[in-house]
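As given, the protein sequences belong to chains A and B, one line each in that order. Using UniProt numbering, read the first sequence as starting at 1 and increasing by one per residue. Using UniProt numbering, read the second sequence as starting at 1 and increasing by one per residue.
No lab work stands behind these hints, which were simulated from the structure alone. Possibly wrong hints are sitting among the right ones.
A pair counts as met if it fits within one copy or between any two copies, since identical chains are not told apart.
[Said to hold, decoys possible] Within a straight-line C-alpha distance of at most 20 Å, the following computed SDA-like cross-link-like pairs (lysine to any residue) qualify:
1) LYS16 / MET1
2) LYS23 / TRP76
3) LYS23 / THR56
4) LYS16 / GLU75
5) LYS16 / TYR65
6) LYS16 / ARG73
There are 2 protein chains.
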Amino acid sequence: MYVVVVYDTAAERNPKILRTCRKYLHHVQRSVFEGHLSEGQLRHFQAAVENALDLTYDNVLVYTYPPGTTPRRLEWGATEPAPSDIL
Amino acid sequence: MYVVVVYDTAAERNPKILRTCRKYLHHVQRSVFEGHLSEGQLRHFQAAVENALDLTYDNVLVYTYPPGTTPRRLEWGATEPAPSDIL
């Protein structure tokens with residue numbers, strides 16, 4: 001299924017969550033990733049996120065789309081991520 | 001239609017985009033808002049966003065859902081926005 005992932009984390013955990021997300025998904029905005037995951041991959045991704053973050057403080061939203069569908073997305077402004085944002 | 005809006009902006013424009021988004025949508029994560037907008041409201045919202053931000057630098061992603069549908073969303077970690085995040 002297609003997923004859109006948006007996270008909000010303390011700055012010191014940002015490099016770790018970036019690396020985790022980039023193993024599974026494509027980077028579309030500073031803290032937004034998208035891509036296709038199976039149910040099994042989603043479980044592995046969740047475990048990796050739980051390992052990377054402090055979920056008593058950090059927050060992750062995962063929007064999932066029915067199989068065969070992808071989101072309709074408008075983009076306003078500068079295209080991201082800029083090279084300087086990529087660790 | 002239901003929309004999910006995620007923005008990335010310079011810190012100095014954050015209060016203005018927060019105020020703009022809160023006029024139209026519900027705050028679900030630090031820079032993520034959701035809610036129902038008509039096509040007309042979406043055009044007004046876009047104009048307000050263009051006024052609030054510097055779109056040569058800032059970026060806004062708007063995910064739209066077909067009428068009558070809402071996103072499936074998983075939330076991992078701390079519930080947001082925390083009171084301290086609300087200006």
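request  = Indicate which option fits the pair LYS23, THR56 if close means a Cα-Cα distance not exceeding 20 Å: within, between, both or neither.
outcome  = neither (23 Å within a copy, 29 Å between copies)
message = For LYS16 and ARG73, with the copy left unspecified, which applies at a CA distance of at most 20 Å: within, between, both, or neither?
response = Answer is neither; intra-copy 27 Å and inter-copy 23 Å both fail.
query = Is it within a copy, between copies, both, or neither that the alpha carbon of LYS23 lies no farther than 20 Å from that of TRP76?
reply = between (26 Å within a copy, 18 Å between copies)
ask   = When no copy is named, should LYS16 and GLU75 be tagged within, between, both, or neither for a Cα gap of at most 20 Å?
value = between (26 Å within a copy, 19 Å between copies)
inquiry  = Within, between, both or neither: how does the pair LYS16, MET1 come out at a Cα-Cα threshold of 20 Å?
reply    = Intra 24 Å, inter 35 Å, cutoff 20 Å: neither.
message = As a check of your reading, is LYS16 near TYR65 (CA-CA no more than 20 Å) within one copy, between copies, both or neither?
response = neither (26 Å within a copy, 31 Å between copies)
In this structure, the hints that do not hold are numbers 1, 3, 5 and 6, in rising order.
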